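Student: Protein chains in written order, with the numbering used here: chain A, 1 to 365; chain B, 1 to 295; chain C, 1 to 272.
Honestly, the hints are just simulated from the structure, not real lab data.
Errors might be hidden in some of the hints.
Below, in silico cross-link-like pairs of lysine to any residue (SDA-like), each with a Cα-Cα straight-line distance of 20 Å or less [unchecked claim]:
#1 A:LYS160 x B:GLY194
#2 A:LYS109 x B:HIS199
#3 B:LYS126 x C:GLY27
#4 A:LYS157 x A:HIS275
#5 A:LYS173 x A:GLN145
#6 B:LYS101 x B:ALA83
#7 B:LYS101 x C:GLY27
None of the values given here were measured: they were computed from a predicted structure.
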Amino acid sequence: MIAPHASSQGIRVEQLTKDFGGVRAVDGVDLDIGAGQFFSLLGPSGCGKTTLLRMLAGLEVPTAGRIQIGGADITHEPPERRPTNMVFQSYALFPHLDVRGNVGYGLRKERLHRTALRERVDEALALVRLDELHARRPHELSGGQRQRVALARALIKRPKVLLLDEPLAALDKRLRGAMQEELRELQRRVGITFVFVTHDQDEAFAMSDRIAIMDGGKVLQVASPADLYRQPSCRQVAAFVGDINLFPGRIEQIAGPALCIAAGALGHLTISTPHPELAVGAAVTLAIRPEQVGLATDPDERTPQALPGTVAKAVYLGDRTYVSVSVGAAAPILACLSGLRDADAFYVGRPVWIQFFGEVSIIAD
Amino acid sequence: MSRPKSLTEVAAGYLLLSPALAVMLLGVGVPMVLLVVSSFWTQNYVSIDHAPTLANYLKFFERPLYATLLARSLGVSLATTIASVVLAYPMAYLIAFHGGKHRATWLVVVAVPFWTSYLLRIFAWKVILGYNGVINSGLLQLGLIDQPLGILLYNPLAVIITLTQSWLPFVMLPIYVSLAKIEPSLREAAADLGDGAFHRFTRVIWPLSIPGVISAALLVFIPTVGDYVTPALVGGISGTLIGNVIQGQFGRANNWPMGAALSVMMMITVTAAAVIIQVSLARARWVRAGARVRS
Amino acid sequence: MSAGAGVGHRPWALYGYAVFFLAFLYGPVLLLPLFSINDSTQIAFPIRSFTLRWYRELAQDQQLVVAFGHSVSVALVVCLITTALGVASGWALTRHRLPGSRSIIGFMMLPLVVPGLILGVSLLMVMGQLGIELSLLTVAIGHMVLCLPFSLAVMMSCFEGFDRSLEEASRDLGEGMFATFLRVVLPNALPAVISSLLMTFTISFDEFVLSFFLSGSQVTLPVYMWAQLRFPVKLPSVLALATLILLSSCLLIGVAESLRRMGRENREGAVP
């Protein structure tokens, strides 16, 4: 049985850079990935996450920078000598070998006796719950089955780090959801560090301990899903992770730790998180999530601070409704109201009152 | 589109197909049948006796000459096949895996010699291997020999060399195609799983290229068995092959039925040999090195 | 291919091999132009002086030019008819679901696995039995049989890989099968058709064995060359002609390639 936590290792990446011709795909990235973590690289297509992963695997040679795994510098090691194994996006199963042949492929160097080899393969297949199909060839398997074979093939080598390159991208939605749970479950059981690449925010949030958001070859922020959501470090991260309302403001007054900000048509807002770097008169960008925006349709229900506005647009999704409200001359505010409502509760032009729950945050640009 | 097969669709299809099919039936089907039938006739000078008889076949088995020549032809073809596949494989590998953007150019560069006249290419080898040829003049000039070597030309080896060089571009193509079809991620996966360059080749690339190698082998083996042009120009006496004898039967010797019988014998042996080649390549133990873990 | 998987470094060994390979491949070929400018009727070393007289004599060699013309006309007829047959039968075999199509395809590919000698003598026998006189026509027929599998293979590969939704869109917009073929399939299959034309032309032009057995009094160029290989006097002119043919083939391919590049740029915008 693969011993949990015993053999995983942490990764440290320093100033890693990769140029392809004139294009800089990865730009001076620093990362610290703890041992045994489920770590995701999240970003849009072309942000450099796959290139970064391939450099960890040894399939690309960095232009500059260092990679350390478990304290050892492996920057220039070829893939066959690294303590990493990869699950490829296309699975890359060998068509001329059956499932057993594929899964057992990487054990050649261990020179196991036939019985021992068979046992190891069976163990790996059981881990991914694929016991029955060992004699089949890749082309006879479904997408989900191939994915498991690719996983088993990588895990059987007991790597310190498992690298996954958008492994669920080719699966349909329901299968993907089930596989996400399984992968998470698997990682907890096996205890190996997982580095997972995806462009799907929901996927990264569902599975990861920590996430690095990437764009344009750089890492924008590394944090847990909760911190990323509630305290995005910059406008790009804020906009990438879920919907967000962004609007301009100016600092009017600083009273101790509290800041009083004038936000145009949205009135005056108070923030109690200290921002020592900001002075009176500074222009800032404010952010608030749609779930933090409450709407009152009845003038009696509203609080005194509520802002009057009109419904510009509403999208009814069954379990929640997105309502876009215009407040004076400012850009419309998006509110997300959960729970069962009438589909026509928020008709265009209906007068509503907005209030914010929780605090607005300040975003760096 | 999955619509039910209609009679008109089938009829129209066969209609479109019929001219080509007719050409092939008349051009290959009928002649082959005639070939086999006429091998049972006999010819004396000008007149042909249509009474079916096994005389020609008996003559084949009586005279050791024919069998010897047939065996020599198979040997020469086999040697040519092995030589050309072995020589072409690394080049196909180079273009498929290191050709990058210039793959098409490489392929054209390799194909260009094929656009020269086949006859003249053979003749060029005569010039190279001949008494006053390139090799001899070169060796003389370098002072490595005093007298030109006479053994280079007019023997089976000269035939093998000439045929190999002639067929190289043709052989390289199917090998290249099967190599190019290998997903790059398969090599990466093999490296990721611990294999260095040598084992990546023996365990992944070679097994997946075998279909291409088989095609290439058959592509050169079958036509070269019947080649008579090359032996006629560079083979001399010791390099005469069965094709020369067959051609002679339709030429000076003027015994068409005998020629037909020899052709039939040649066809049978070639087909048998081709089947053996194909089966043994597909089944060889050393070919399936990668599949050591079996269920 | 990625850098890290062991192939980031240049494969010097393979490049070295490529040099040897190309030398072996081109060596004999390059001798032809070399001796076409050699001032001697003997095709042997040492080289005397250089001259262009064989090229001048080329034009005056009546028989050579006539043989060349015969080859061109046969090749033209063969490539046109064979490609037309290849298109029609390729279409029928890939689009019309015909019973027995697999055996038919196997049958049509037979000339690829039958040695030319056998094809030649068996066709000769048929002609003999039917009392047909040998001529350029019989040569053309032989070439058509030989070239048809090539054309069929090219066209089938093209039609099979063809995006059927284009045909479906055309049918949806009101065109029948034949009109769809003319307006949608053929224009998009043009590269394959041209490929088939070029390939069959080349095969027919250079074909020797079938021509040898099936020629009458009028011969094609390869058959003429065969006879000349015993008469060294005429040989340098033959080499001159072969060199010209080689040069024009290269030129043709070069022009076709740059036209293709230009065409692609026009359609997709300039390649960066």
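Student: With reference to the structure, classify each hint as holding or not holding.
Tutor: Against the structure, the hints come out as follows:
Proximity of LYS160 of chain A to GLY194 of chain B is assessed by CA-CA distance (about 14 Å); at most 20 Å being required, the pair is judged to hold. Taken as a hint, the LYS109 of chain A and HIS199 of chain B pair is honoured in the structure, with Cα atoms around 11 Å apart against an allowance of 20 Å. Of the supplied pair hints, the one linking LYS126 of chain B and GLY27 of chain C holds, its CA atoms being roughly 12 Å apart against a limit of 20 Å. For the proposed pair LYS157 of chain A and HIS275 of chain A, the alpha carbon gap of about 49 Å is over 20 Å, so the pair is violated.
Note on LYS173 of chain A and GLN145 of chain A: the hinted pairing holds, with a Cα-Cα distance of about 15 Å set against a maximum of 20 Å. The hinted pair formed by LYS101 of chain B and ALA83 of chain B fails the criterion: a straight-line CA distance of about 29 Å is larger than 20 Å. Between the alpha carbons of LYS101 of chain B and GLY27 of chain C the distance comes to roughly 26 Å, so the proposed pair goes past 20 Å and is violated.
Taken one by one, the earlier hints fail for this structure at numbers 4, 6 and 7, listed in ascending order.
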